[in-house]
Each structure stands twice: as structure tokens, then as C-alpha cells.
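Protein sequences appear in the order of chains H, W and S. Each residue of the first sequence is one higher than the one before, counting from 0 in numbering that gives the first Met the number 0. Each residue of the second sequence is one higher than the one before, counting from 0 in numbering that gives the first Met the number 0. Each residue of the third sequence is one higher than the one before, counting from 0 in numbering that gives the first Met the number 0.
Simulated from the structure, these hints should not be mistaken for laboratory data. Yeah, the Cβ is synthetic: ideal placement off N, Cα and C, and Gly gets one too. Treat the hints with care, since some could be wrong.
[Unchecked claim] Simulated restraints, written as ranges between beta carbons of each label pair:
id: 1; chain 1: W; residue 1: P74; chain 2: H; residue 2: R207; range: 35 to 41 Å
id: 2; chain 1: H; residue 1: A30; chain 2: W; residue 2: H179; range: 33 to 39 Å
id: 3; chain 1: H; residue 1: G116; chain 2: S; residue 2: R88; range: 54 to 60 Å
id: 4; chain 1: H; residue 1: P78; chain 2: W; residue 2: L107; range: 47 to 53 Å
[To be verified] Sample of chain S residues with no beta-carbon within 10 Å of chain W, all distances over it, derived:
id: 5; residue: G24
id: 6; residue: G101
id: 7; residue: P111
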Amino acid sequence: MNFSPQIVAELLPALLRGTVVTLYATAAGMAVALVVGLLIAIARRGSNPVAVLIIDSFVTVVRSTPLLIQLYLLFYVLPLYGPSFSPLFTGILGLGLHYSSYISEVFRAGIDAVPRGQWEACIALQFSRVKTWTRIVLPQAFRIVLPQIGNYLISMYKHASLLATITVVELLGAALNFAGETFRYFEAFTLVGIIYFVIGFAFSRLVRYLEQRTTYGRA
Amino acid sequence: MNLLLEISPVLLRGAYTTVLLTLVSGTCALLVGFAVGLARLARTRWLSIPLAIYIEVFRNTSSLVQIFYFFFVLPLIGIRLEAFTTGCLVLALNFGAYISEVVRSAILSIDRGQHDATIALNMPTSLSYRRIIIPQAIPVMLPAFGNYALELLKATSLVSLITITELTFSGAQLVQYYGHPTLIYMSIFVIYLLLALPLVALNKALERHSGGQWKPKVPTT
Amino acid sequence: MDHQSTSASQAPLAAEFVNVSKSFGAFTIIDDLNLQIRPSERVSLIGPSGSGKTTILRLLMTLERPNEGEIKVFGDVLSAGGEGAAKARPDREFRAIRGKIGMVFQQFNLFPHMTALENVMEAPVQVLGTQRQEARDLAECLLKRVGLAEKGASYPSQLSGGQQQRVAIARALAMKPQIMLFDEITSALDPEVIGEVLEVVHNLAHETKMAMLVVTHEMGFARDIADRVIFMERGKIVEDASPGEIFNSPRNDRTKAFLNAIKR
Ligand SMILES: Nc1ncnc2c1ncn2[C@@H]1O[C@H](COP(=O)(O)OP(=O)(O)OP(=O)(O)O)[C@@H](O)[C@H]1O
Ligand SMILES: [Mg+2]
């Protein structure tokens, strides 16, 4: 079994297009997760026990079931009853919702970590609720949770390969298509592995750097 | 309703395989994680670089890609494993990489005074680890183990893509045969949830036990 | 080499530091130190914070390794720096020598997952291979000796600091060391329980023949327990004399300054 340079040359453009799709899905999925996660975290601080129960149940259910099944439900079942989206959009929605359940907890902890005194100072200074959140609490919470979110970004980047199962031609999908036509599984998967590793490794070093900087900064 | 009755044996068999996959690969992941974590602490020179590479490779690539790699590429180099074995192997190696870091950092978190005391009592290192250090490190590890157990249960769904007839693959086959994706996929969804709930409860309890400390839970895929 | 072996065979010292140096990074903490402790001798080690007292005990206990020089216990080289470090002893021999030393720590370092009794029994059973029943009898006897006969079933978290430190003393005694090291064993304690711990050590000094090396900031205790007091500063021994001499008529100005500062 030899690693043919010719095959690699044929394969690489498709894989690079797939990489772009993977990165795009990751970024867009994270945007969804951040928005939904933040809304969940804020809503959960409300005083309505029924709302809190519903939110908690949503988070638990989404978090304790596989992303793959969630994607199947969004892709095969949802269109039967309502809107039908493109595979990529469906995938981004699935990734975003799945990760919102994790991100909401990150935000929750981050918000809890903002000292009580900050809230009290806002009341003393007669800040409005919106101002308190947007100008004082969230900026501090964001800084606290940034490395955590970085970890989830890496995780989501790797999880995005599941989009191949709903016909999105991202990195893994591109490799599967190519290998399916040419039976060059070895080259296809080895290259995919290398691409995943290079980007994932760079990402994780960046996050580790962020982590160290924030812990030193606070010490 | 009739359909549900008709497919329930298949679903149950799928659920059984999912549980079996989780248990087998989870046990192997623990063994791998402890072995690798301890070996890295021992700082054996010829082992430390290969182990670091193993951990970085498995943590920085997609587990689905790992599963495909083992399934499609291993046979090309003459290693033929059953799909179930392949699935367990990849999951064990993948989660083992994460668990080894949990083991390592938990052991490093034990107070240096405990190591000092074992030396002052003239204990050899192996005894010190077995009787003093690891027993104290395990409670530190448990919350992370609980989270990884839940992540592992979910990750077993990925091996449906290499033809292991666990829960997800059973569902996909049933949909192909009978149609009715809503009923079948929702049933699968609910079964996963039911399997997960004991672990969710366990994790809540473990977290309360660790003094309400907030621990990050990063999925591993 | 010749000279060393003869001196060891003539009068086997309990412990001996020969030109020992220890540095952490760029800082030399122990500087070419020579120290001899005879069997059954009680030595107090005093000096300002950071002078290297703890480091001396940790070196002897092999919790740290010297960069230069040799540390011998009853004539056998226990650890060595420089060239000597390369030819380390086989593990079994090394542990046979190290087993002659015991240590009590400032922070107790009891095993939190074991009861007081189990803490004391653990090493005799697991390291020396003593029968469980025999080890239990010994542990009970030792706990009684440190005034904790009733507390065998308690976990460290259920004991006061003074009680924990007394369990730690019993635990070290269970290994029947010939040299016992005490590192500021009352520094982490509330003032009202310091007395009970010091009393236990006093009694030990009367009832046993162990050599003792005691680091303490309690000058009264340092004086009462010792045959010999060593004052050190910046990794070097400044004065080494009888308690009477050091505390009543110190020769060295630095010793005087230190003792005056403490009194005030
Ligand atoms: N592991 C280490 N790494 C770096 N520096 C160390 C280490 N252990 C000790 N030191 C340094 O060595 C110096 C001497 O420490 P040592 O603990 O021996 O002093 P000491 O005389 O016991 O002081 P104290 O009375 O405060 O206990 C200190 O300046 C300390 O910071
Ligand atoms: Mg000290």
C-alpha cells in the first residue's frame, strides 16, 4: 500500500473545500450556541419556577442525547412538519442547539463568578437592568469564560464531522465521497486526519495560551 | 402503535448493544487512561514522547474520523477486526486519552505532604501510589469520569456508521424498511434519554459531593 | 575514601553530612555543610526563617537530594550529590538505610482517608510486613502513649490540630526509627494545644534512645530537649554548642542578635 502523490494532488482541492465548510459550520454553529446559551443562562436566573424547570429540562434533554440523533430528527423528521432547510443550515442549527446546552452552563458559572459587589454597585449607581447586564456583568463574565468557550469551539470543530451524515460535504464528507469513487481510503482518511490534527492542535494551543493568560492575570 | 410493538424487539436489541458498547469501551478506556496517565507521571523517557503523541492525536482529531480510519484503513494493512471490536477499540483509545489526563491531573493535585509522608514511612513508590495517593485521587476524578460516561454513551451512536447494529443503526435500518421516521427516530431519542438519565442523576450527585465545585464538561468528539 | 571508612567503623555516627550543598535554581540553600549526629543525641536546630533548617531535615529524609557531598546514616551512604549520585544504591539497600529515619512534619500530613489507628498501622503492615494483629496492638499502644487511646477510630478531619500531630508522632514511632526528625511540629497549632504536643516529645526524649533532630522556634523547648544546639544562618552552621552556652553566653554575634530579636 503506497501513498500516491498523484492521488493526493487530486484529493487535496476537494478536502480544502471541505475544510472551509467545516470551519464555516463550526463558526456559525458557535454563534448559534453563544446566542442561545446566553439567553438560556439569563432566562434561568428568572424567578418563574415553571420557566426554570422547562429550561432545565431542555438543557438536560439536549445534552444527554447524541448529536447524531438530533441531526437525524432535524434533517429527516422536522421537514415533514414544517420548514425544510438546506443540509448545511440544518447541521449548523443542530450543532448550535446541541452546544447551547453546554455553553449555557458555562455562562451560568461565568455570571455566578462575577462578584456580588458588582451587582450591588450597579444598583447603588442606579444603572438600568439592561445596562447592568451589558456594561458590567456580561463583559466580566465573558472574560472569565473565554478559555472554556475556546475548548467547546475545538470540540464543536471535531463534532462538525457528523454533518457528513446528513449529506453536507464538509471535510469528512469530501473524503468519503472521494474514497467512495476511487477506493483510496488510505490517502483520503490519512489526509483528513492530518488536516484535523493540524487545525485542532493549533486551536488547542491557542486556548491553552488563553487559559494561562487569564489565570496569571487573575493571580 | 402496532408498528411500535413490531419494532420494539429490534429497538431493545439495539439498546442492549449500545449499553454493551458503553460498558466494554468504558472499562477499556478506564484501563487505558490509568495506564497512560500513570506511565506519563513516571516520566519514563522512551515512553513519554509516544504517549504524548497518542494523547494529542486522539484529542485533536474527530472521533468519527478515527472510527472510519480504523474501519477502512486497518484492513488495508492486514488487520481485520470485527466492527464491534473496532468500535470498542476506537472509543476506548479516544476516551482513554481524555481519561489519562484526568488521572494525571488528579494525582498531581494531591498535596505534596502526602508524598513526603509516604517517603518518611519508607514506602516504595508503588505502595505509596496504591495505598495513599490513588485512593485520595479517585474522588477527585469521579466527577470527570461521570461526565465522560455520559459523553461515551452518546458517542457510541457514531459506530452506527460502521455497521454496528446498536440503537442508532437499528433505527436507521427500521426507517429504511418501514418508513415512519418520526415514530422511529423519536423512539430512539427517548431510549437514549432513558439510558442517560441515571448517569445524569449520578453526575448531579457526584457534583454535589465534590463541594458544588464547578467542573468543565467538554464533550470529546 | 580510606579516611571516611575508618572513621565510620570506629564510631558509627547516627547521621553525618559531609560537605553537603543544596541549591534550588540559582539559590544555594545549604552551603558546604558538615554535621555529625551521634546515636541517641538530641540536637536542636535554630535559626532565622529561610536559613535552611527544613532543608537539612528534608535532605536527611531523602525528600531532597544534595547537589554536592554525601549524607551517611550509621556509616552507610544514604544519598550523595555530584559524582556520588551516579552510583546510587539498589532500591532494597537504600530503603534499608532510609528506614532508620522517621520524620514528623509541620503540617502533620496524616492520610485523610484512614483512621488514626490505620494511619499508624499502615506502614508497619505494608512496609515491614508485620502481622495485622501485632501492628494493631502496637498502634494502640502508641496511641495510648501519645494520649489518644480513645481516638483510634477517628479520621484526621475529626481531630484537633494537636491530636493530629500526636497521631503523626505515633505513626512515625511505629516504624521504630533510630533517628527522628521534627520539623517545627507546633508551628501550625493553636497556642493552647502546643503544650500537649511538646509534652509528648519530652516524654519520648526521656523514654527512648532515638537520636533526635529538632527544628523549632520555641526556644524554651529547644533548650530543654537538647544535648546540643546548632544555630544556622544562610545555609551555614554559625554556632554549635551546648544549650547552656548558646542561650546564656553565645560566642557569635549573629547568634546573639538572633536570640535578642526572639526575646523581644
Ligand atoms: N523546593 C524548593 N524550591 C525552591 N526554593 C526552596 C524550596 N524549598 C526551600 N526553598 C527555599 O530555601 C530556603 C530555605 O528554606 P527552608 O525551608 O529550609 O528554611 P527554614 O530555615 O526551614 O525556614 P522556616 O523557619 O521559615 O521554616 C527558603 O528561602 C526557601 O524559599
Ligand atoms: Mg522550615
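Hint check, failures only: 6, 7
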